[in-house]
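Novice: In case you want the letters, here they are:
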Amino acid sequence: MSLPQIEIQLVATVVAVACALPGTFLVLRRMGMMSDAISHAILLGIVVGVFIVGTLHSPLLIVAAALTGLLTAALVETINSTGQVKEDAAIGLVFPVLFSIGVILIAKFAGDMHLDTDAVLLGELAFAPFNRLTAFGLDFGPRALWTMGGVLVLNALFLALFYKELKLATFDPGLAASLGFRPRVLHYALMGLVSLTAVSAFDAVGSILVVALMVGPPMTAYLLSDRLEWMISLSAAFGVLNAIAGYWGAHLLDVSIAGTMATTTGLVFGLVLLGAPERGLIAQWRRTRRQKWQFAVKMLAIHLRQHENTPEAARECQVDHLQEHLNWDGPFAERVVERAVSRGSVRRENGHLRLTDEGREVAQEAATQT
Amino acid sequence: MPDADPALTVRDLTVAYNEEPVLWDIDWTVPAGTLTGIVGPNGAGKTTLLQAILGIETPAAGQVRIFGQSYEAARDRVGYVPQRGSVDWDFPTDALDVVLMGLYGRLGWIRRPGAEEKEEAHAALEQVGMADYADRQISQLSGGQQQRVFLARALVQEADLYFMDEPLQGVDATTERALFDLLRTLQQRDCTVVAVHHDLQTVPEYFDRVLLLNVRRIASGPVEEVFTEENLRRTYGGRVGFLRKNESPISDSASAPNRKEESRA
Ligand SMILES: Nc1ncnc2c1ncn2[C@@H]1O[C@H](COP(=O)(O)OP(=O)(O)OP(=O)(O)O)[C@@H](O)[C@H]1O
Ligand SMILES: [Mg+2]
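Each protein sequence line maps, in turn, to chains A and B.
No gaps in the numbering here: position 260 of the first sequence is 260 in the numbering used here, and each next residue is one more.
No gaps in the numbering here: position 60 of the second sequence is 60 in the numbering used here, and each next residue is one more.
None of these hints come from the bench; they were simulated from the model.
Ideal placement from N, C-alpha and C gives every residue a C-beta, glycine not left out.
It is possible that some hints are incorrect.
[Said to hold, decoys possible] A short list of chain B residues far from chain A (calculated; beta carbon distances all over 12 Å):
1) 34
2) 98
3) 106
4) 142
[To be verified] Sample of chain A residues at the chain B side, in silico, Cβ under 10 Å:
5) 170
6) 171
7) 230
Build the full structure now, drawing on both the sequences and the hints.
Specialist: Next comes the structure, spelled out in structure tokens:
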């Protein structure tokens with residue numbers, strides 16, 4: 001691996017983790033769309049910032065953009081509190097407006113400025129190693145690594161300090177407010193961090209990837225975690241995985257890095273959604289299937305039990321007869337009986353089905369349950 | 001310790017959502033050491049009343065005093081059990097952790113709960129019969145078990161005044177009795193308990209005092225004085241079948257007016 005290759009992966013990794021941290025709380029608050037809104041709306045802040053300070057390279061731009069992020073959050077909350085529209089609809093109303101004002105301003109007044117919409121949407125990670133931080137005649141590596149490293153540290157610090165407060169305000173804002181933990185202040189602090197992360201990241205990776213990285217890894221982690229600590233760590237881990245895998249995908253296919261990272265994020269989420277041990281679709285499907293069989297075996301046991309030691313037992317307790325009585329088709333009835341036999345609930349005795357003691361218990365239990 | 005001041009005084013309280021008053025000019029006093037029920041139809045503003053008292057909603061007008069102090073000053077003496085449906089039970093956490101949240105107020109900002117707090121939380125879970133479920137993911141608890149976890153969380157707060165929003169909602173008859181006994185125990189420890197309650201039939205048995213609420217305060221005071229058919233009719237809009245004491249109860253459903261509870265859940 002060449003040095004620029006390592007540097008690109010480092011930047012991607014740092015961006016991914018920096019996004020995953022606040023993203024976890026966005027997802028838990030069911031505000032994933034907010035990352036979309038903020039990462040677009042900040043364009044307006046950047047443009048206005050450029051008008052004021054006259055250059056694209058000023059820390060003031062970050063402040064201006066972060067303020068637009070907060071403005072977005074405030075507008076969404078205002079519209080939301082009218083009770084006329086749902087939160088996601090409010091988000092959908094606010095950010096296209098702010099984003100298009102930004103786009104119009106660029107088109108009208110900043111045609112000559114280096115701020116094309118392609119770069120805004122997709123960024124260009126591949127160029128990260130060319131923009132370097134130098135001081136005292138020394139080369140300190142890619143500038144993006146330093147900005148994003150700073151953002152990562154800030155996010156991690158915020159989470160570490162206010163972990164318990166964020167957890168409470170997310171799970172039960174009512175209790176948080178009644179205990180004096182100011183959930184609204186925490187909400188805006190979180191939105192501020194989301195904005196700051198989005199602005200800093202979008203220079204390197206563009207706004208689409210910011211959204212993918214803030215929402216994808218936490219959603220993936222959510223499917224696999226029972227504990228918040230776990231979910232945060234897993235989000236970060238998936239972020240790193242997506243970053244590295246995305247980089248090598250782009251390298252192999254010779255396409256945009258941001259694009260493959262976003263695609264990988266989607267793929268990984270899809271795989272986990274299918275395969276997660278508890279909440280995955282396959283696990284759910286198998287659970288339903290198992291329940292279906294268990295239910296069928298219970299029905300069989302109850303049926304046999306009802307006719308045990310009765311005159312018609314000889315007729316009722318045959319596989320063929322089950323079709324008629326329980327409305328099962330032949331092959332299905334045969335498979336249920338096989339299952340019941342292999343579980344030791346039923347015995348076959350020259351063509352007849354007999355309950356074992358265990359089977360009687362199953363029937364008994366099922367009967368008392370209903 | 002008996003307080004000279006009432007546990008709670010509410011004066012001229014009005015709360016509005018979007019200019020629409022949902023609570024109108026409420027005057028209400030809860031003497032210390034009592035067990036008070038709040039009843040009223042769905043949408044009457046019961047939850048809103050508790051939230052306004054606890055500073056979660058900002059009132060349009062009015063005053064709230066807790067043991068003669070402002071809520072901010074008396075915060076440490078107040079415990080809160082929200083309506084069970086108000087939180088996301090799919091949140092990645094376990095029962096013990098939810099109970100620990102009751103201690104966050106005492107810990108203050110930044111400090112995290114330690115071994116001592118965990119022990120307290122365990123003890124509270126034990127009190128509500130949930131010790132075996134301490135590390136169960138909360139979505140895997142039944143509705144009644146979730147309700148008990150919420151109660152345990154209130155218990156660790158060791159408050160003097162408790163506000164509970166339908167603490168007995170969704171629990172079976174045996175559990176209801178056990179939980180109610182717990183409220184009585186609290187009262188015997190000189191705590192004051194205010195609970196929103198939906199089952200009119202058990203009101204006289206469970207509570208000393210009652211507030212009948214439907215946007216306005218219809219009546220409040222000792223159960224035997226204000227829990228009358230006339231007052232109930234005014235609260236529920238004349239659709240309640242309820243007989244006076246000593247007659248057999250016939251009311252089957254008291255919360256008839258607009259059952260939005262189901263659709264919300
Ligand atoms: N955040 C909100 N925004 C707008 N209106 C609200 C809000 N919360 C509650 N309301 C309205 O205020 C009224 C009172 O609601 P509240 O939840 O206090 O009723 P409640 O008596 O607790 O009902 P329930 O028995 O269903 O719990 C209702 O009409 C409700 O629609
Ligand atoms: Mg309510």
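Novice: None of the hints should be skipped; say for each whether it holds.
Specialist: We went through each hint and held it up to the structure:
no.	hint	result
1	34	holds, 21 Å
2	98	violated, 8 Å
3	106	violated, 9 Å
4	142	holds, 15 Å
5	170	holds, 7 Å
6	171	holds, 5 Å
7	230	holds, 7 Å
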